[in-house]
Structures are given as C-alpha cells and as structure tokens.
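Novice: Sequence:
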Amino acid sequence: MQRIRLRYTKRGRLRFTSHRDFQRAFERALRRAEVPMAYSAGFTPHPKVSYANAAPTGTGSEAEFLEIALTERRDPETLRALLDESLPAGLDITDAVEARTSGLADRLTASVWELRLDGVAVDDARKAADAFLAAETVEVQRKTKNGIRTFDTRSAVVELVADRPQGDPQGDRPADDACAILRLVVRHVTPAVRPDDVLSGLRAVADLAPPVPAAVTRLAQGLFDEESGTVTDPLAPDREAVTAAAPTAAATAPATAPEAGPA
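Mapping of the sequence shown onto the UniProt record's numbering: position 187 corresponds to residue 187, and the numbering continues sequentially without gaps.
Honestly, the hints are just simulated from the structure, not real lab data.
Be careful, since some hints might not be right.
Simulated pairs of lysine to aspartate or glutamate, EDC-like, Cα-Cα distance not exceeding 16 Å [stated by the list, open to error]:
{"no.": "1", "residue 1": "K48", "residue 2": "E72"}
{"no.": "2", "residue 1": "K48", "residue 2": "E62"}
{"no.": "3", "residue 1": "K48", "residue 2": "E27"}
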C-alpha cells in the first residue's frame, strides 16, 4: 500500500463549501481520475482518506491537507495533476508527496491567517492589535452544543499585525479605501481559537467592529518553529525522506554483468 499526502486550496466562492461538500467532490475526483484507492473493510467500504484540521466553512485556504492510501504505486506529481483536473476551479491540488514519515496531523500545530477588514481604517486596526497583544488574557464566549463556553484567545495568538492590503487573493471582495489586513499566527490549542474568536477579542479590548464580515484566508499551517517564529511546511519531512532514499536505492541496485564478447 502506498500513501500520498496532498495539499489543496479553497479559493474564491468555494470557500463557502463545507468539509462534507469537499469530501463528496474529492471522492468523485478520485473516481474520475481512476485512482487505485484502498478501501476500508465492513458492510459499507469507503475510500481510505484522512483529512487533517480542515478550515471552517466560509473561510478560504491555501493550506489544507489530506492523505490517501493506494493499492498500486503512482507517481505523486502525475496523481496530483489528474486530481486537480477532476476538481472544480477553486478546489485546487497544489502539492503531492509520498508519505515517508508518520504523524502528519501532529505537525499541524499552528496556522497563519489573513483577515480582510473592509470598512476599517488601518490605524484603527493597528491600535486594536496593539491593545490585544498588550492584554494578559482576552476572554470571549462561543456557543457550543453544550451551551455557552468562555475561553481565553490571547494565549493562542503568536503574532497579530495590521497593514494595508497588497491585493485581493480571493478575487471576490470589492476594493475600498478604508480597508485593513490583519495577519494572524495562531497555535492549535484546545479549545481551538479561530479567526472569528480573535475578532471577538478585538471587539472586547478595543471596540473594533468591522461593518461587514471579514474575508478570512488561511495562508499556511504546519509546525510552529519557536526559534524563528515561523510556521514550517508539514510536507517537507516527506520530501526530504524521498530525496534521501533516492541515492540509497541507486547505491544498492544490483550491478548488471557485462555482456560477454565473441569467443
């Protein structure tokens, strides 16, 4: 059995697709691309697909990850291209690598988010971000299936920076002179702190209330490097393992005996 790890996106209006919607679209793409999937046992077999930390409905993403199990070996890049062609534009497969290490989900410890705040002046967003970072705790409330839950958002936020927009990667939001961009790095903790929780925290500490809903995009997710303060690529260890294995395989390949010349 071969395992392939894929990175995919949710762009433009397809950010409104739910995780269940994506699952259905992806399974159809697997059939169209004739991928030799491994299936679970039991009365209702289903393709062996493992999804890791999917973004909430309504948010865009450049960094979603999943893993599939195959019964026959396939070239990861060829497989990526076939699946990408079989999915609608906006749900794009951008990277593929053979799984050579364990614990992909364990390497998703932080996310980088971009929040577009139309109708909010940059100076106001910067003041609110400074107030949020200066606070020791920023408690917000969220409605859950077990009722209202209060939790701290400040401890999960590693970075919060406000700046002017440098373009519109989503391509579906109107340009406006009063517009601020928040760049947010959040650790994956329990309970999970989402971008809308941080917006609630900004409202609590600085009375920042965007007049329209924020356009939220996940730019990256992976292992948080404490030394550099960056979020690293979770597929990098698999790529490194594949590269390291290539020379070893070449060195251990049996030598071909020279052809005997004419007597």
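Novice: None of the hints should be skipped; say for each whether it holds.
Specialist: Do the hints match the structure? See the list:
1. K48 x E72: Answer holds: K48 to E72 is near 13 Å, not above 16 Å.
2. K48 x E62: Judged against 16 Å, a Cα distance of about 23 Å means the pair is violated.
3. K48 x E27: Within the cut-off at roughly 10 Å; holds.
Figure legend: structure checked against the earlier numbered hints; the only hint not met is number 2.
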